[in-house]
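With the hints as extra help, turn the sequences into a complete structure.
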Amino acid sequence: MIAPRPLLRVPPFPGARVNDVAVRGRGGAQASPAACVRALRQHRVGGSFWAAQPALDPDRRLVARPASAVQAEAMLERARAEKTEHKLLFWLPAALSWRPTRSSVPCVNDPCDPWHMLAHAEMLWADAADEAMLIARIAGGAVTPFGAGPYAIGTAEALVARHVVAGLTYIDPFEGDESDALATIELLGGWRRLIDSNRAIGAAVGFARWKRETVEPLLWNGSDRVRFVPANPAILSELAPGESLAIWKARVPEAFLAAAEAAPNDLHEVEDGFIRSIGLGANCVPPLSVVVDPVGVHYDPSRPSALENLLEHATFDAATRDQAARLRVAIRLSGLSKYEIGSGALPRPGGARRHILVPGQVEDDRSVRAGGGTVAGNLDLLRRVRALNPDAFILYKPHPDVESGHRAGRIAEAETLSLADLIVRDAAMSQLLDMVDDVHVLTSLAGFEALLRDKPVTTHGVPFYAGWGLTEDLGDVPARRTRRRSVDDLIAAVLIAYPRYLDPLTLLPCSPEVLVRRLAGGARRQNEAIVSWRRLQGALRRTFSRIGATA
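Heads up, the final residue of the sequence shown is numbered 650 in my numbering, and it's a clean run with no missing numbers.
Some clues are possibly wrong.
Claimed, not checked - Here are the in silico distance ranges between beta carbons for each label pair:
(1) Arg123 x Ser167: 47 to 57 Å
(2) Leu487 x Gly289: 37 to 47 Å
(3) Arg326 x Glu221: 33 to 43 Å
(4) Arg123 x Cys206: 26 to 36 Å
It is worth saying that the hints were derived from the structure and are not from the lab.
Just so it is clear, the structure is predicted and the values come from calculations on it, not from any experiment.
Even glycine gets a Cβ: it sits at the ideal position worked out from N, Cα and C.
Structure representation (structure tokens):
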């Protein structure tokens, strides 16, 4: 007899390179069966929990799950005899092609999320060897087993001890280390929340082809490949009621954006995450982290966002704050920033003078246009910082996308040095943040990274981290932001609760800690030919720009 598949399984994320988290054989680390039952009920994982969640008739709460056509006929006859046929709904395995004759009883075919089906059921009739029977007993639902099988009798705790804990070794899919059932349930629970948050996404627009491999697993709805489509207004009429559109707004025409915002379907705005990659998006290095915001976008202070709502309303428990504190240490020790990694202490070129870092930005970036307020670009930012700090040693670091030649925001060197003491091009952002005394930003993520390193930050625009009591704010911070937060609260929201991360090795969605370890170890995910070509394009643009400036 073939042993049944382990209950705890990896969803088939697009492109994923790991298939199993449980191996039959010797039992590995033992988790408490009672704790596992509680965790399974909380996270609703086990079986094909990622599968479709079909609409179900609210009057048909007697769910029948036959293993064969003979068993299906027996179930139908029993319902007729008990006069419950009007309540019956058949939930059929994918391999069973049976259909009821002389009956209007509806059928739903796998693949289906078993937890969705069982939440609908007031009673489950199922074969005693069917995984659905095991899940129903774990969930505490009313069941009637048909035939003989391993799940015919037993309490939830006893069945979990026998079929989930004993005789299985669990493996951490990211590190390959031995794990246990409880930790695996927690991991699957995170994947369940990710997949459930994507179920409404009907299409995705504005995603460059080179981004799709790493973004698709983070937008996958558990059933279908992500439908990447061109920014054609016709797609808006193809979305069903209740479906949403995932959109990378910077990559779509204004006319389409206006039509999408006027359409009845919700928009889920996608942007790079805050721990992105080693390498620039402008060089076509795909993101390993994104944010998906159904409320607004985090860098636009004119309207709320899911991140702002988290910071204003969420309560983080002690475990999450501890996780945030550990993550902060890991990031600092790794020398990681959004696009790069650096290590080693830098000398202080200004001696005993107070050192202030001013990070440049892409001047036509949506975050600058939305949150830059009255500051008229990088040169104006430098003027303001110098006016406030006439005696400081000011270091100006141009934005890497501007330096690469792909984006707007370049300042002539002579103009820069009339306000700044030093232009820093080669040092990593993390090294600079460790060396300087203060950081002045427009809306740059460098201000958030400085807070992770306990540096004083002055904001001249309105970035997402302004207004929570952690920064000196010179911009017009929205009155909505009233909560006072600690740095670890900020990390819990910004790096743990809000973004999504992809492991570049397994192509599985992962925790921020896994991605930090991967990037610190040099792991990358990019098409070297495309990246090299974009770097060459940038070098040519820089050359022509210098020629034009001196002509």
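Violated hints - listed by number, lowest first
1
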